[in-house]
Every structure is written in structure tokens, then in C-alpha cells.
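Participant: Okay, here's what each chain looks like letter by letter:
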Amino acid sequence: MKTIKLFLSLCIVLALTSCEDVIQVKLDQGTPLLNVDAFVNDMRSQQKVRLTYTDNYFSQKANEPVHGATVNLRDLTDGIDYIFTDDNNGNYVFNLAATDTLGRVGHRYELTITHDGNVFKSNSRMARTAQVDSLIVEYREAGSFGGEAGYRFSFLGTDPVGDTSDFYWIKSYRNGVFFNRGGDINICENAAFGAGADGLIFITPVAEGITPGGERFQKNDVCRAEIHSINLETYNFLNQVFTQTTNSGLFATSPENIKTNITNTTSEKVKVVGWFCMSAVGFRERVAE
Amino acid sequence: MKKIILLFLVSLVFTTQAQEKHTVSGYIKDAKNGEALIGVTVYKKNSQIGTSTNEYGFYSLTLPAGQDTIMFSFVGYKTVAQPVDLTKNQTVSMEIAEEGKELEEVVVSSEREDKNIKSMEMSVAKLDIKQIQKMPALLGEVDVIKSIQLLPGVTTVGEGASGFNVRGGNIDQNLVLMDEAPVYNSSHLFGFFSVFNPDAVKDVKLIKGGIPAQYGGRVSSILDIRMKEGNSKKLEVNGGIGTIFSRLSIEAPLFKNKASFIVAARRSYIDILAKPLLAKRQPDLKDAKFYFYDLTAKFNMRINDKNTVFASGYFGRDVFGAGFKFNWGNSTATLRWNHIFNSKLFMNVSTFYSNYKYELGFKDEGSSQKFEWTSNIINYSVKPDFTYYLNSKNTIRFGAQGIVFTFKPGTATITSQDGISSPIGLDNQYGVEYAAYVDNEQKLSNRFTLQYGLRWSAFNYMGKGTKYTYRDTIPNESRPLDGEEKIASGETIKTYNNPEPRLAINYTINDKSSIKLGYNRMSQYLHIVSNTAASTPLDIYTPVTNNIKPLIADQVTLGYFRNFKENMFETSAEVYYKDLQNQLDYVDNASLLLNKYLEADLVQGKGRAYGFELYLKKAKGKLNGWVSYTLSKTERKVRGISNEDWFLSKYDRTHNVNTVLIFDLNKRFSFSANFVYMTGTPATFPTAKVEVQGYVIPYNTDNKRNNYRNTAYHRADIGITYNFKSNDRKRWKSTLVLSVYNLYNRRNAFSIYFRNNPDNPTNTEAVRYSVVGSIIPAITYNFKF
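Protein chains in written order, with this note's numbering: chain A, 1 to 289; chain B, 290 to 1074.
These are computed hints drawn from the structure, not numbers from a lab.
Check before you lean on any hint, since a few could be wrong.
[To be verified] With a straight-line Cα cutoff of 25 angstroms, these simulated DSS-like cross-link-like pairs (lysine-lysine) come out: (1) B:Lys926 / A:Lys259; (2) B:Lys838 / B:Lys926; (3) B:Lys659 / B:Lys646; (4) B:Lys494 / B:Lys801; (5) B:Lys907 / B:Lys419; (6) A:Lys271 / B:Lys993; (7) B:Lys419 / B:Lys854; (8) A:Lys48 / A:Lys259; (9) A:Lys61 / A:Lys271; (10) B:Lys1073 / B:Lys491; (11) B:Lys838 / B:Lys753; (12) B:Lys895 / B:Lys922; (13) A:Lys26 / B:Lys993; (14) B:Lys926 / A:Lys271; (15) B:Lys523 / B:Lys547; (16) B:Lys922 / A:Lys26; (17) B:Lys652 / B:Lys614; (18) B:Lys682 / B:Lys334; (19) B:Lys993 / A:Lys269; (20) B:Lys885 / A:Lys259; (21) B:Lys838 / B:Lys697; (22) B:Lys614 / B:Lys697; (23) A:Lys259 / B:Lys993; (24) B:Lys926 / A:Lys269; (25) B:Lys682 / B:Lys333; (26) B:Lys321 / B:Lys1014; (27) B:Lys697 / B:Lys885.
Please put together the full structure from these sequences, using the hints given.
Facilitator: Next comes the structure, spelled out in C-alpha cells:
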């Protein structure tokens, strides 16, 4: 789809002279809402839930942190509670023992956040993931679509065969920095974009998606690719984030609010935004050379 | 209902008085090329009794017995007086000639001068192809759809958007007919050019309100485009070399002038021009394909005085590709038979086939991976229409139509690296639309004319297919599936039917002015599924199903028409109110492509539109053209969307001013200019930002849709046409057209969107996207011999 958009834009540039320029727009300031960012996984690293208040759109700084909330993650299958502690910067963290992981595949989890007298809850089941069998690196000369010269990574992996669809979010990093443009979101259903791709090798657009369009790795840069298992709801949510952050051009859709899977169980009046998801992760790193 | 029928019968009796009468009928054609002339006024000398020729140039007029003179009058043509001795019914077919003083008096509309006052038609705009050819055009390409967009009540989302919006309606609410066959996508290159080759077009008529019963199937408007029949006197060749397209058309008589044909073709050539540039600067794209072409052909044959047959066809495609393929196009074929049963009863039977198809495919070089997707919408139809010229006071039209639909929303296969292909397509959908109508145009007195009719339409959604049922859920969420049931071929899944009353009243105040009132109910049994600002060629159509209801619109129009200075100026003021039911909308994050549970993501809501249109046209003289102003509002109300309040439709434009001026300086030069102003389209802007996993996402905390507007759209264009000298013996005639689009270099916002600054992702900014960001000059050379 990205290629098509790019190509279509090119056609229009050739045919006419479409252009984009940054302009000043006066926007109303919306009511600040609790913003929950809770993507927890089974990696052996510190787990984090971030709570902030939404700020007006043109605020040129990060959203204000929320202090004094309580964050509890409960393994509903085992009945174990994981209590996240307030780091006083909006992050609520859980530190693991070096040999342990927080999540277990197949278990169901409940997130409970208490803040300002409101109790917010959400549920997520940790699904199985696929493994990154290997990372492939190749050197590319400067080209048109890819821009500058450099290394391009892709990965090899196979979607496990199963009755129901597996959903994945493939996150990639260059020297530990996550590619965080909305247009770089790389998600798939089974090995491609539909039920027909069950049990196959991840298709090229997904495999090559770990080096986002226009990006290159230089010699000795480290590429890290992670395959996070997600569920259908999270797949749809990330799809919506993709759409809402890349909603430009001739075929832009009507902007809409991203959904949330967090509910306020105390009062419907106090709204909340954000997402909760438990993921199992398969990952691999490789140096560009 | 019974009362209406009774009234109808009574009124017929009253007007059928027992006096000996005879009927004169025949065809009126252009003496120059044998083309049938539409709308020629035929009347009894020194009287109000008259009629006009239909789409095939046929007329029928019933007069008292005796000696009389019949007048044939048509703007731009010599008026012909034909004495007749009415002792029995007789045929008078005429060929009338253009007035010699070409260019001095320019034909703006080929109608009787005061036709706008006398006719039943309201909310109707006719464009003469000669006039369209003089208007400044984008990249010099004469374009029917772009010209339509300069009429009152007609707007567009912006350059690059296909189709047009009539009185706030969606683009799928316009029935675009090319020789009676529907055209689903009227655009080349997304929306920059339309599929109609101007060299093959004879007549363009847009009906926005008071729609007669003979038309149906869409709720907003009818765009009736008639193709030329082809010169039946001599060989004629038209052509043009433009910035984008080259055109060529050939027309000629066959079989001793009993038949004639026209073949017209166009092809774009930016791909050829861009190839060297691409090879150098974008090597990845050196094999890129991007071109569009179309072929229009028509053949007609007069078998005898009573029978004429026509065959016409259109085939066009847009082809894009570069490691992938993406192409779309329409093909239509129409067969028609005109038959005159007797001097009072005229019949036309049309059968047509229409196929809109698009294909999308990706292929990975060096492996077997590929993805292929095709989608079609196919129609077959039979449509008999009768006109019964009962007497000089009543003209009755009746007819029927059946359309068989096959929707192929997506035939898709995906092939993996291992070479395994899996089908991921959707089931076909089938349906039949039926309609029957009767309509009478009745002169009650010299001042009052009525046109009343009833159309009955029905749609049968049927198998082979799957019937899905869904449970209700909270608003703005995809509905959960309740059940799936396989339906056998030909078995009905759901039937809808709707009576559609139509009414038009004309009260002629005097020779110069009239008041007209129109009411119509329209129903529509298919919807375009699209939530993008500009419709894309990938948009699919869905029929009504057990989950999707038909769109129904009621419209009332009231207008005052007045001419000044001996019909030099035509003015009109119209108000309209439209009420719509079951307009399609989408739940948030709807999945519209290749989704077999698409219906779960669709919601239907109410709509209303009202407005005021002012129109001033100077029809004659060296300086001619029109100015129009529209004040309007279009709103929607949909469950679960925008807090369930009324919100502005994305096609709402409060103010719209259109100006078209054509100045014919002398035989050599003519100048033209357009000016357009439109209030910016409504848009949803964020009031907050949400941060998730490093992404910064715009968010609207009030949840109000279309809470802002894009900046106003305005633009001016100019054109100069130069006619090269040609002496009378040489048949070669040529013109050079220079045009400048977007004269004062305005960057009109197609949309304003919000993003993170690419260099500094913590900073958010608003970006104006303009499809046309500069002045666009163009040059076109046209020739004719």
C-alpha cells in the first residue's frame, strides 16, 4: 500500500504540481484526558506502563506525566499480582529477576489503574509469537525509493500453523532507537495480511519492513528486530494508528479518534485514551557489515 | 393512489375533444452532417401549440384538419416554415441548416430562445459541446465533467477528485449515462480528466431536480450524455494534439447515406514524454507504465421510415504499473432500436452492457510471491421507453427497465514464496433492479402545464451468495456476526420496492417569466463504499442487502425564471430542500477492502440538504457566459457518530460562485475566463495529542466530526482560441488553444492534515496539501477536415 501511495504521489507530481506546506492553524484546546500506554511483554527487561495527560495538539513538548496512580497487573490464570511502582516521571515500572519473565503465553491478564478516585481496567491474553530465524543484510547503492546508500535488513521467519489467525507487530530498532514514525508500523496477520497466509514464510513487504522506507543502516550499526504477538484488537488499533498518523494526500480518510480498550469502571464521564496489550516476543540482532 | 389514477384518466378525457385532427410527425436533422437535432421547437404558426424533438430528433404534433403552416425553430439555425394540408396523418422530416453568420452570434444553448421559461424542466442545465470547447480547461483538455462543475449546485471536493457532487450529494448519487448505459467511474487519472471524448459528444444534460419519471436509480442527479451519430453526409475527421492527450475521430456515411458511424480515440502520452527523464533520475521507475486511453464508437442505420437502429460502445482504461499493476476502466455497449408504430407512438428500446473493472497486483521480482486482485461491477439491461403523443395537450411517456447486476467485490489470490496460491477473495453478489413508469405532460391552459408521473422501482438481492446476519452492538463498533447462511443461485435474500412519485408544475406568468415547482422521490439500490476524501478507483460498490437499506431521497424545488432583453439574458432563482434516508457511513476503523464482513462496519443515517441557487446567463452576443451563486447547507445524522448530533457533510460548501465568460472578438480570436469560489470543505481537526509507544496521534476530545473547515477554494483560468485562416475550398480547419489554469497561482487546500515534524518528531505541525500548487499553462492544437 505504501508503494502505491508513493507511486500515485509521483504520478501526480509529474502530471501536475502538487505540494505540501506547513501552515498555521488555530486549534481549540481539548480537555486533558488520562493517556495510558501499556504494552507489556515477556522479555527479560524492565516492564513499563506510562501514564500521562493528553496535551493540546500543538504543544511542542511531551505530554505531562501522571503522578500518584497505582498500577496493578494480575495474571488471571495463575492469580499472581504484579505491582508496578511509580518512577515519578509518568513511568510505572516492574523490575524482573534476571532469569524470569513477567508474562506467560496463553495466560490472561488484567490491568487495573487507580487514579483520582477512578478505577480503569483492561484485559489482554498473551498469544504465541513467531521467531526471527535470521536477519539478512545487503548493501544497496543510492536509489530512488530508498534514498541514500547503505545497508538494508530483512528477516526470515515462519508463521506457526494454527487454526486461528496469529497477529504480529514487528518492531525494529537502529542502535537501540525504535523507528517510531506512524508510517513505519509493520503489522501482519499470519505471514501476510489475511487468513490465507497461515503457516507461510513472512512475505517480503513484512520482512523488509524492518528497514523502513527511506532508512538505511551504516557500517557497524546494529539492527534489532522483534516479533511481538498481538491480538486482533491490537492489530486493528495499530492499523488505526497507522491510518491516523499518515492520513494525508488525495485519498486521506475522514480523521477519526483512535479506539481504546481501557474502560473507566467508576464513572463513564471521565474519559480515558490509550491501549493495553500483552505480547510474547521473538527477536534477533545483527551488525551491519 | 386511486385518486391520482382517476385524476389522470379524467384529465385525458377532458382534453380529448371530438374535433377532427391529424398528426404530423417526423425527424429533424442537421443539413450539414445529418445529426439528429435534440430540442428543436416544432409549432403551429402564430399559436401556442407546439412540441419539441426528443433525444432521437423525433417529433409528433396533432393539429385540427385544414391548411396550416408548421414552423421548425432552433437557435443558431434558419427557421423553416413548412405548409401542410392536413387531411390525413403525415410525415414531415426536415433537414435544417445553420445560419450563415457563424461566430457573429454565438450559440450558447441550442434551444428555442424562451425555452427556459416554457419548458417543464427546472434544475436542468444543458451544455453545448461547442461552448464546452471554448471554456478554459485544465491542461487544455476539454472536459465535460469539469464543465459540469461550473454549474450552480454542482461542486467537487477538489482537483483530483473523480466525479462531482450535486446539491451536497455523494458522487455515487449521480447517474452518469453515456448513450443510456451507466458509467461507474467517469474519470481518467483519478479525477483530472473525464472519460468522455469531447469529439464524440453531442449533447450534455444535467438534471438536479424535478426529475421526470423516466429516470431513476440514483438520488441526486442524472447526467445524460448523448454521443454523436456520425456524419451521414461526408467524411469528417477531427483531431487534436494536446499536452496530455492526443485525439482522433473519424465519422462517415455508409450504405448510400442510410447509415453512418463515428470512431473516436484518445491516448495520453505523459509516460512517453517522461521516460527519458525517469530513466535518468528514477531508474527504479524506468519501466513504469502510466497511461490512459479510450475508444468510443457508434454506428447507426436507418432501416426504413419507421425503424432506426444504433449500436454504440465505449472502452477505456487507465494503466499504471511499476513492479505492481494497477489499472481500471469502464466498458459499455448499447444497442438501440427506434420504432415508430404510428405518427403518435414512438418507441425506443435500449439494451446495454456495462462493466467497470479494476485490477491491482504486486509481484516480487526474483521469487514467486504475488498478490492479485480484481473487482468488477457488471450490468445487463433492457429498457423499452414509449412516448405517446396523445394530442396537442398531452404527451404520455411510459416504459420499464430491468437491470441485472453482478458485483464482484474482489477476486484475490496470494501466492507465497513456496509457490502456494491461496484465494482470499470475496463472494460475488447478485441482484436485479426493476422499474416501470408512466408520466404525462399536460397543458392545462396556456399558462399552466403539469407533468406528473409515478415510477415504481424494486430490487431483488439474491443468491448465489451468503446471507450474513449481525447482532446489534454499542454504536460506532463493528457489529458481531450472528449467522451465515448459504443461499442457492437465484434464491431471493431480500427484496425492496419503492413507489417514486414525481411532479412538476409550470405557471407561465407572461412571455418573460414563469414559476416552476418540482417534487421527486428517488431511490437507489447501490452504494459506493468509500471513506476517503476523494473517491479512489479502488472503491467498491455494494448492492443493497439484508443489512444495507436503499437510499431514498425526497426533494422539493421551487424556482422563478425570467428572461430580459428579448431573451438576451436568462435568469433563474431556485430553492431546494432534500431529505435523505439511509446514507452510508462507517464505524471508526472500518475495514472496507476485502472484508467479507463489510456490512458489520457500515451504518446508515439521515441527511438533509437545502440551498438557494441564483443563475444569470447571457445567451447571445459576442460576450456570453454565466454567473451563478449557490448558498447551501448539507448535513448528516448518524447513530454513534459525532455524538449523534447533526454534523456537516464533507461535501458542504456554504458559498459557491461560478463565473464563465466567453468573448468572441472576431472570426479569428475568442477569449474565455472562469472564476470559481467555494467555501472550504468541512474537516475534523484534533484538539489533543495521544502518545502510545512513541507514536504521537491526533485526537479530538469533543468527538465532533467536521468541527473545522479547510480554507476557501478559489481559482481563475483563462483561455485563448485562435482559428487559423482557411479558404473555403480547403476543408482543413484548425485552431490553437492556449490555456492557463490557476492563473494567480493559488495553493488551494485539498486537505489539511496533522503530523510530527519529520526532522524533529516531538514537534507537531499542520500541513496544507494542494493538488495543484502552481500555474498550469497548456497548449492544444485541434484540426478538422
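Participant: Tell me, in ascending order, the numbers of any earlier hints that this structure violates.
Facilitator: Every hint satisfied by this model.
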